[in-house]
Amino acid sequence: MREINAYRCRRCGTLHYPFRMVCKECKENDFFEFDPVPLPRTGRIVTWTRIYNLPAEFEVPTLGVAVVELDNGLRMLGQIDIADPQIGMEVVGSVQVVRRDAYESRYGMVFRAA
Amino acid sequence: MREVYVAGIGITTFTRLEFPLAEIAAYASMAAMKDSGIDRFDHLYVANMGSARINNQSALASAVVDTLSQTPAGAERIENGPASGASAIKQGFMAVASGMHDVVMVTGAERMREVNNLEATNFVATLTHPLAEYVYGVTLPSHAAMFTKLYMERYGVTERHLAMVGVKNQNNATMNEWAHLQQPITMDGIMDSPEAFTNNPYVSEPLRFFDCCPVSDGGASVLLTTKEIAQSTGRPLVRITGIGQATDTLAVFEREDPTDLLAVRRSARLAYDMAGIEPSDVDVAELHDAFTILEIAESEEAGFFPKGEGHLALERGETEIGGKLPINPSGGLKGKGHPVGATGVAQAHEIVTQLRGEAGERQVADARIGFTCNFGGFGNNVISMTYRREE
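Top to bottom, those sequences are chains C and B. Following my numbering, the numbering of the first sequence begins with 33 at its first residue and continues without gaps. Following my numbering, the numbering of the second sequence begins with 21 at its first residue and continues without gaps.
Read the hints as simulated data drawn from the structure, not as lab findings. Each hint should be verified, as a subset may be incorrect.
As the list claims (entries may be wrong) - Residues of chain C placed beyond 10 Å of chain B at every Cβ, according to the derived structure:
{"hint": "1", "residue": "E35"}
{"hint": "2", "residue": "C41"}
{"hint": "3", "residue": "R43"}
{"hint": "4", "residue": "C58"}
{"hint": "5", "residue": "K59"}
{"hint": "6", "residue": "R73"}
{"hint": "7", "residue": "R82"}
{"hint": "8", "residue": "L86"}
{"hint": "9", "residue": "N104"}
{"hint": "10", "residue": "A115"}
{"hint": "11", "residue": "A134"}
{"hint": "12", "residue": "A145"}
Stated by the list, open to error - The calculated label-pair distances, taken between Cβ atoms and stated as ranges, are:
{"hint": "13", "chain 1": "C", "residue 1": "I119", "chain 2": "B", "residue 2": "R180", "range": "51 to 61 Å"}
{"hint": "14", "chain 1": "B", "residue 1": "K54", "chain 2": "C", "residue 2": "E65", "range": "53 to 63 Å"}
{"hint": "15", "chain 1": "B", "residue 1": "E276", "chain 2": "C", "residue 2": "Y139", "range": "25 to 35 Å"}
{"hint": "16", "chain 1": "C", "residue 1": "A88", "chain 2": "B", "residue 2": "G119", "range": "48 to 58 Å"}
{"hint": "17", "chain 1": "C", "residue 1": "E65", "chain 2": "B", "residue 2": "G342", "range": "52 to 62 Å"}
{"hint": "18", "chain 1": "C", "residue 1": "G120", "chain 2": "B", "residue 2": "E276", "range": "11 to 21 Å"}
{"hint": "19", "chain 1": "B", "residue 1": "E38", "chain 2": "C", "residue 2": "E91", "range": "44 to 54 Å"}
{"hint": "20", "chain 1": "C", "residue 1": "A115", "chain 2": "B", "residue 2": "L332", "range": "30 to 40 Å"}
{"hint": "21", "chain 1": "B", "residue 1": "Q251", "chain 2": "C", "residue 2": "R52", "range": "47 to 57 Å"}
{"hint": "22", "chain 1": "B", "residue 1": "R336", "chain 2": "C", "residue 2": "D67", "range": "35 to 45 Å"}
{"hint": "23", "chain 1": "C", "residue 1": "I119", "chain 2": "B", "residue 2": "D293", "range": "47 to 57 Å"}
Said to hold, decoys possible - Dumping the calculated EDC-like pairs for lysine to aspartate or glutamate here, alpha-carbon to alpha-carbon at most 16 Å:
{"hint": "24", "chain 1": "C", "residue 1": "K56", "chain 2": "B", "residue 2": "E276"}
{"hint": "25", "chain 1": "C", "residue 1": "K56", "chain 2": "B", "residue 2": "D268"}
{"hint": "26", "chain 1": "B", "residue 1": "K327", "chain 2": "B", "residue 2": "E173"}
{"hint": "27", "chain 1": "B", "residue 1": "K344", "chain 2": "B", "residue 2": "E378"}
{"hint": "28", "chain 1": "B", "residue 1": "K247", "chain 2": "B", "residue 2": "E23"}
{"hint": "29", "chain 1": "B", "residue 1": "K344", "chain 2": "B", "residue 2": "D303"}
These figures come from a predicted structure and were not determined experimentally. We put the beta carbon where it would ideally sit given N, CA and C, even for glycine.
One chain only, chain C, in its complex shape (with noise of 0.2 Å):
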């Protein structure tokens, strides 16, 4: 199954997402310090919209993104699958072709109503 990681800090235990090459707390600065970690599924919506002005590879007329605050306590940013979205939705997440340009398909989060 492809997992989305977030990346624990070998030496304070801080959690980052997205990657990031030194420790937001402790400054950590050895290179590669840092134990992928998966994205826990679950969560609820911090914030959203339906976006009508997409991309041209996007061959969707809208396209629903969230802010989903996860278990963990980590945010992140998926695509949404949902008709009617509510700020505070119990939303649970796959990852998925999010993104497709000529050469390559690119994953990602996707989230439906849990």
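Chain C is already provided as a structure; the job is to place chain B on it using the hints.
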């Protein structure tokens, strides 16, 4: 550190321009040279975000300096997203303040209409986090929309407040001959009439068409120099008194409070401290209203109104020309247009015009201290500046 003055200003119409990008930049620069009566400079900074991507031209500054027949003056392109303009002014300021150069041309230029609207929106979206935001189809309007939803929930801002910003700024633009949008709009036409939501459809819920700035071409210039040279031009004296810059996380969702525009607050504070003034001293402000919500939020973070009360000041008419603190008399990005690299310089152009008392119909009475906020990314790289009219 030497004091730095704006000796000349120049601008092009913000619209669709059928000229090569380097000529748009050169036109604005020539206008600034004409305005000041100075016909040469030591160095050129060109603010531009997209030349290599949307105009297929890299090393833009070399083309502009040569088009202006100013070789062998030094020239560089400054790219800092939508804050490129203020970044370039900051570089010009440092060059004059340090004593390295005496006369520096700062020109912002962008030619976005070379591509269609969807491609332009996609191009601007490349400033977002590549793996955590861009890949999902996130655009700048969608960032602003998600921010707006939270603002509505927390502070009681409504779609009507957003429309009020749009009406104010677009109608200010009709008094600005350089502005992109020259048609007045009404609350009836975009909110209340049966046709309103046909005229004003969603771009990204809850933001509508008239909440978003247009995609524009255009250029703007300021010629920076020392006090002695500025005095010799005989033009009114406007000094750059404060510059503040602050950054924030690239991924917007990673910020502790997603309704917080921390970089605006920090950059404004740094600018005020450098100038030795407080927000209450400001007479006129140009804020980065790429989306109507941003004018409301920035007016709070810049210290003009308490957090969560910007929309109430708007309701009271305090931000209109003639109000307590006129915001975006030029029309702002919303009305004047937003050629991304040029915007920060165009804000300076308007403030200098106002402080000189040369703004005609849209003149803010007795304006002596001006403020600009150039908002890069979605608040991840922000530059605030203060200007003062001197005798």
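How the hints compare with the structure:
no., hint, in the structure
1, E35, "holds, 14 Å"
2, C41, "holds, 15 Å"
3, R43, "holds, 20 Å"
4, C58, "holds, 17 Å"
5, K59, "holds, 15 Å"
6, R73, "holds, 16 Å"
7, R82, "violated, 5 Å"
8, L86, "violated, 6 Å"
9, N104, "holds, 14 Å"
10, A115, "holds, 13 Å"
11, A134, "holds, 14 Å"
12, A145, "holds, 18 Å"
13, I119/C / R180/B: 51 to 61 Å, "violated, 20 Å"
14, K54/B / E65/C: 53 to 63 Å, "holds, 57 Å"
15, E276/B / Y139/C: 25 to 35 Å, "holds, 28 Å"
16, A88/C / G119/B: 48 to 58 Å, "holds, 50 Å"
17, E65/C / G342/B: 52 to 62 Å, "holds, 58 Å"
18, G120/C / E276/B: 11 to 21 Å, "holds, 19 Å"
19, E38/B / E91/C: 44 to 54 Å, "violated, 31 Å"
20, A115/C / L332/B: 30 to 40 Å, "holds, 35 Å"
21, Q251/B / R52/C: 47 to 57 Å, "holds, 49 Å"
22, R336/B / D67/C: 35 to 45 Å, "violated, 54 Å"
23, I119/C / D293/B: 47 to 57 Å, "violated, 37 Å"
24, K56/C / E276/B, "holds, 12 Å"
25, K56/C / D268/B, "holds, 12 Å"
26, K327/B / E173/B, "holds, 14 Å"
27, K344/B / E378/B, "violated, 20 Å"
28, K247/B / E23/B, "holds, 7 Å"
29, K344/B / D303/B, "holds, 8 Å"
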